[in-house]
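The primary structure of each chain is shown beneath.
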Amino acid sequence: MPFKRYVEIGRVALVNYGKEYGRLVVIVDVIDQNRALVDAPDMVRTQMNFKRLSLTDIKIDIKRIPKKKALIQAMQEADVQGKWEKSSWGRKLIVQKKRASLNDFDRFKLMLAKIKRGGLIRQELAKLKESAA
Amino acid sequence: MAPKNSKVTRNPNLIPGIGKYSRSQMYHKKGLWAIKAKNGGQFPHHEKKAKPETTSEKPPKFYPADDVKKPLVNKRKPKPTKLRTSITPGTVLIILTGRFKGKRVVFLKQLPSGLLLITGPFKINGVPLRRVNQSYVIATSTKVDISGVDVNKLDDKYFGKKAEKKKKKGEGEFFEAEKEDKNVLPQEKKDDQKLVDASLIQSIEAVPDLKAYLAARFSLKSGMKPHELVF
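Chain order of the listed sequences is A and B.
Just so you know, we're using full-length UniProt numbering here: the first sequence kicks off at 1 and counts up by one.
Just so you know, we're using full-length UniProt numbering here: the second sequence kicks off at 1 and counts up by one.
It is possible that part of the hints are untrue.
Estimated spans, in silico, between C-beta atoms of each pair [said to hold, decoys possible]:
hint : chain 1 : residue 1 : chain 2 : residue 2 : range
1    : A       : Val-95    : B       : Ser-141   : 19 to 25 Å
2    : B       : Gly-98    : A       : Arg-117   : 33 to 39 Å
3    : B       : His-227   : A       : Ile-121   : 20 to 26 Å
4    : A       : Ile-31    : B       : Lys-101   : 52 to 58 Å
5    : B       : Thr-81    : A       : Ala-100   : 29 to 35 Å
6    : B       : Ser-135   : A       : Ile-31    : 19 to 25 Å
7    : A       : Ile-121   : B       : Lys-194   : 39 to 45 Å
No lab work stands behind these hints: they were computed from the structure.
Note that beta-carbon positions come from the ideal geometry of N, C-alpha and C, so glycine has one too.
Just need the whole structure built from these sequences, with the hints factored in.
In structure tokens, the structure reads:
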């Protein structure tokens, strides 16, 4: 019931609306009740409404509004990208992106692979059924 | 020699239509007096070429009562339709209309009429050498190696309908004679198909699963959104 992910300086968030949709950003300052100053290594530091941010579990150790270099260094030390790609949320997004970028030929090959896998599973199941019977 | 940047006129315009110098001033400026002197008091001129004798035209039998308007000259030459950049020789296309709808097919070249020349290959999916309009086709990003294929002899005339010879109307033999020779494909076209497909099928078999891909038809399944699909 208690909250686990807080808005704080250093909290990594995912942008879920607008031009920067899908980008991982770090909250570097809180402007007022509704807005935060966010920054990312390849982005100009901007303000964003909290409603546009989805907080993640990742937090890095920075001071209020660090310089870009310091921010990048802190992100490297905390291995934000690595942690994100290992987390289940991050992995889901990667899979979604891959699926969306599949070619028509890729989709065909995927279909063949699924059929093959299903066939193997059914074979094993049949074997198990036989041995159980 | 240093290139001359702007052409200087000897007789600049004061106002469009009115030059700065008069006729006699221009005569002096252009040095026509020197040309005359060089040529012994006369302007150099060529003898007029004798006009070849044309047979006299007969006066027309008929003059229209009112003046007939002549249509304006039109020198426009139509170009073949602009080919989408996603369509290059060897691209796999998905046909959307006609009896081959949904078939995945290999693009060979664009014909001078603007239509696309495609082939199944015939052995793989039953689509022969055929013309197809660019608008009824989805271009995928899958390419086949087409370097071994020679399509120079195939053009629009090859695919056009043959002019039918006029048959004399007999009475009793009407129905029999008409039926015979409509549906046979000339052997020459079958040979052309085999020739084109031979090297194509080799390059297709080099890629795993590509043959089965071309043999299958495309269809939209549940959950597929065409505007979000990447082809």
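For each hint, the structure was consulted:
1. Remark: the range hint 19 to 25 Å for A:Val-95 to B:Ser-141 is upheld by a beta-carbon distance near 21 Å.
2. A hinted range of 33 to 39 Å for the beta carbons of B:Gly-98 and A:Arg-117 is consistent with their spacing of about 36 Å.
3. For B:His-227 and A:Ile-121, the hinted distance range of 20 to 26 Å is not satisfied, since their beta carbons lie about 34 Å from each other.
4. Range check, A:Ile-31 to B:Lys-101: about 57 Å between beta-carbon atoms, so the 52 to 58 Å window is met.
5. Range check, B:Thr-81 to A:Ala-100: about 31 Å between beta-carbon atoms, so the 29 to 35 Å window is met.
6. The supplied range of 19 to 25 Å is broken by B:Ser-135 and A:Ile-31, whose beta-carbon atoms lie about 52 Å from each other.
7. For A:Ile-121 paired with B:Lys-194, a C-beta distance near 42 Å keeps the hint of 39 to 45 Å intact.
When the structure is compared with the earlier hints, violations turn up for hints 3, 6 and for no others.
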